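Heads up: the protein sequence lines correspond to chains A and B, in order. If you're matching positions, the first sequence starts at 0 in numbering that gives the first Met the number 0 and goes up one per residue. If you're matching positions, the second sequence starts at 0 in numbering that gives the first Met the number 0 and goes up one per residue.
If you are wondering where the hints come from, they were derived from the structure by calculation, not from laboratory data. Given the structure is predicted, the values throughout are model-derived calculations rather than measurements. One should not assume that every hint holds.
As the list claims (entries may be wrong) - Label pairs and their calculated CB-CB ranges: (1) 176(A) x 142(B): 34 to 42 Å; (2) 85(A) x 66(B): 43 to 51 Å; (3) 259(B) x 111(A): 38 to 46 Å.
C-beta atoms are modelled at their ideal positions from N, C-alpha and C, and glycine is treated no differently.
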Amino acid sequence: MLAQPISLAVEAISVAYPNGHLALKDAGFTLGAGTICGLVGINGSGKSTMFKSIMGLVRPARGRVLIAGGPVEAALKRNLVAYVPQAEEVDWSFPVSVRDVVMMGRYGHMNLLRIPRAVDRREVTAALERVGMADLAERQIGELSGGQRKRVFLARALAQGGQLLLLDEPFTGVDVTTEESIITLLKALRDEGRIILVSTHNLGSVPTFCDQVVLVNRTVLAAGPTSEVFTGPNLLRAFGGALRQHSLPGATPLPADAVIVLSDDERPLVMAPDGQVMGRLPRDI
Amino acid sequence: MGEELLVPFLYDYMRRAMAISALVGAVAGLLSCYVVLKGWSLMGDALSHAIVPGVVLAWLVGIPFAIGAFAAGMLAALAMAGLRDRTPIREDAVIGVVFTSFFGLGLFLMSIFPSNIRLRTIIFGNVLGIADEDIVQMAIIAVVVLAALALRGRDLMLSLFDPTQLVVAGGSPARMRILLLVLLAATAVAGLQAVGAILVIGMLVTPGATAYLLTDRFGRMAGLAAGIGAVTGLLGAYGSYFLDGSTGGSIVALQAALFVVVLVFAPKHGILATRRAARVAA
Ligand SMILES: Nc1ncnc2c1ncn2[C@@H]1O[C@H](COP(=O)(O)OP(=O)(O)O)[C@@H](O)[C@H]1O
Ligand SMILES: [Mg+2]
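So here's chain B without its partners, still in its complex pose (with noise of 0.2 Å):
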């Protein structure tokens, strides 16, 4: 019986995949603070629905599907932030009207190419059947993510409570804010092959959510969203191996699962500890 628990190391592919799950699930964690504190949320969903149509252009033109759904990313900001400065259209409705045009575009690629096992793969996302060169293009991006983050992260935390402190500082928001556009859309990519474009981001929301119930300070904030984000992606796949489900799903769920017990339980935030206190005082 503890021998079976065991099985899934045994496989070459079974580590390869609970390994990059859990390097990605911990830059999402990483960001999701970040997007947390913007209340970007809409904007990454957005944003991982909108890099569809790059992935199956990318697979037809042959270039890795990395670029071309960073591409589509990227091309999905510009058209909204053109929308949003040009037309007297609410930001909600920019958001909405770019993502599901770009995703309906990416369906409607997939429906010609039905067959093709690696987009479905990608789009849908099943770490367990990803191929080498995917789990290379993924280990980069997070890296380089991490690297924009450790630069550059107290600037962009900065840029999120006070701005203006910013600019004092000699920073810019505006840089700022396009760098987290640019890491929410590679992060997005990265984390397609773990869980899939649907579900992305859960990744970058909910570890963050999480994390913010569970302290005042920023940097623990960032390691617990982290830590979250890298035990629920390695457990995901590692699950998957077993219920011979997706591990998108599985990953996702566990996240949910693990933000549903900290809103009751957690010791200051939780539902039980404010109920707690509005006794005491009354």
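The following block holds chain A by itself, in its conformation from the complex (with noise of 0.2 Å):
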């Protein structure tokens, strides 16, 4: 179907906005096809500025962005980069229905008119059953629930037939079971050969499904393999002052320190003394 397969290239790019601040300096990694990648760092670090980097929705001061082997505005053309939004960035009172939304993934495959034809109506339809929202295409966006909402936008991303898909902060707000369920459709997008670059400050499901990680703080502090770059020693430096650590309760059947919990929210993270990546808990602590 593809040329050749996608990836991605960002190469040291710069990115300052127009009130003079600098989110990004010299920040590059690279990916190649069948990738789930987190893309790490505290609230502030960059995430959302990488993103748009790579959409072309801020153009970097230095450096560049290569997708597929060309440009950002070829690679927008030939609607290999799908995104799926931050919760908070979506008018969920907007009166559209879920299968409006799916559709609006298929507009960049229309002419100027806009005017769905057949194929646009199945794409939407197969999309929309893969994800499991086939029952509920007519509801307004606003009263579906938070992990159904996120997957309304991930099938307009399937509608649209990116190769890259952008998912910014797509755990925010969504209950485990539904996280779960998202990262089992994430695999499944993962093996067919696209790339898949999630944004999270949720330390703790990043080792349960990224097969790379890139850690952000105004620039790429380390970008690789999950078990190579999901560190402690890397994440003390991503995340500075920002990550508490815990120790266990004295219940748990363990001596003192066997364990390090690291957390930033929600889900804390499990290490080894050494550093090495144990897993997660379920629950704070």
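Using the hints, put the two chains back together into the complex; each one sits in its own frame.
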């Protein structure tokens, strides 16, 4: 289908906002087809700015972004880039149905008048079925649960046929069950050869589904396979004082220094004393 | 008695007035959906006041009033954008300062030529006394706005709901913002003579707000708002024959009355329905 498999190369970009704030400096990483990558950093570290650069919404003052070996504009024209917005960015009272939103993913395939053809309707229905939202297709988007809302926008990315999926904080305000069902879907999409870039400040879930991790704090601190990058010392560098270290409750059948629990918010991360990630806790302690 | 009600249809000028009011009402109603969803009511109000000096100057120079009005509207929009980007003044204050300046200048210019009937008609709205060439101008504007919405309406809607997705689909939110601004100014110009500069904002907001309460789908909202605009435009012009009052007043008052009825009785988002739902939940 594609002339060449999807790839993403962010080459030493520096991004400044009009007010002079330098949000990213010399930030770079590369990803190949069939990868789920976590973009991890504290609030304000530049995760959304990185997404905006990849979508061409902000232009790096230096460096460049290459998608499938070409510039961002060419990738947008080929509908390669799909994004799932942060929940707070969406006007949930807007008069559109679930199906309307998914159809927006097809706009780039339509002519200037944006009149859907049979193939567009088919793709929309297929995407709705894939995320399990076909029954709710006629609902107004505000009448959905947090997890269902996420799935609508995932369906839009699927209907678009995007090969590079950008998800900005998809697990904020979503319960653990829903998070797991979204992760299952993301893994299936990865196995079809897509690149999925997920920004999160939620440490606990990262090792459970990310093949690669990019740690950001106004630049890329470290990037690579999760097992190499997602380590205690790196996380302490990325999160600094924002990280809370817990000791385990007295009742746990473990010696006091057997594990280290790190958390930025609701899903704490559990590491061995040598910095090896062991997993996560389902609840805060 | 029954025959009396048909009298307005016997007069050529009444038929024309009703037709043009319905057309402008429909176009303004359609556009009001975008204005309401963008949250641009204040911007629309500002533009419709800011076009007044353009009308007077166009009359002085002897060019079609629509051109002068539209130019003044665009100048006001540029002034607002410039002030907003170059000063720390908040946006609502910027809009307030610019539109009162323009409107004040317009009223001042008018006070220099107080006896000109045609100017008063244009600015305070009296569709019954409208000149033929002005009807032509209004009709042209209405058709152009309709065509623009038919061609770019979906992108415009997407730019309001999710501008990033429009970028991803290869469109430009900045261009859509300019398009909405231009359509708003053009429709305000067309609406001037139907309801007057002061009331034209009613036509550009109320039908959309009413339709918003009646449906959860953009397509239906647009259809309803256009229908409300057309029917109230026609009835307002018709009614003003008997009431001997201003057409603008009757059109906008009709729309306001309809809004109140819908606000109370709308099947899902009306006050009564919301109360019922709250009781059921309790
Ligand atoms: N439009 C903007 N104008 C100016 N500064 C911005 C803008 N957007 C973000 N920033 C700043 O850039 C930094 C990075 O922001 P962002 O990329 O949104 O971080 P994150 O998504 O990781 O929370 C922050 O300090 C933020 O205040
Ligand atoms: Mg962000």
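Checklist entry - Would you say the C-beta atoms of residue 259(B) and residue 111(A) sit inside 38 to 46 Å of each other? => result 40 Å, holds
Next on the checklist: Taking 34 to 42 Å as the stated bounds, is the beta-carbon spacing between residue 176(A) and residue 142(B) within them?
Outcome noted: 54 Å, violated
Checklist entry - Falls inside 43 to 51 Å, the C-beta gap from residue 85(A) to residue 66(B)? => result Holds, since residue 85(A) and residue 66(B) (Cβ atoms, about 44 Å apart) stay within the stated range.
The earlier numbered hint that this structure contradicts is number 1, and it is the only one.
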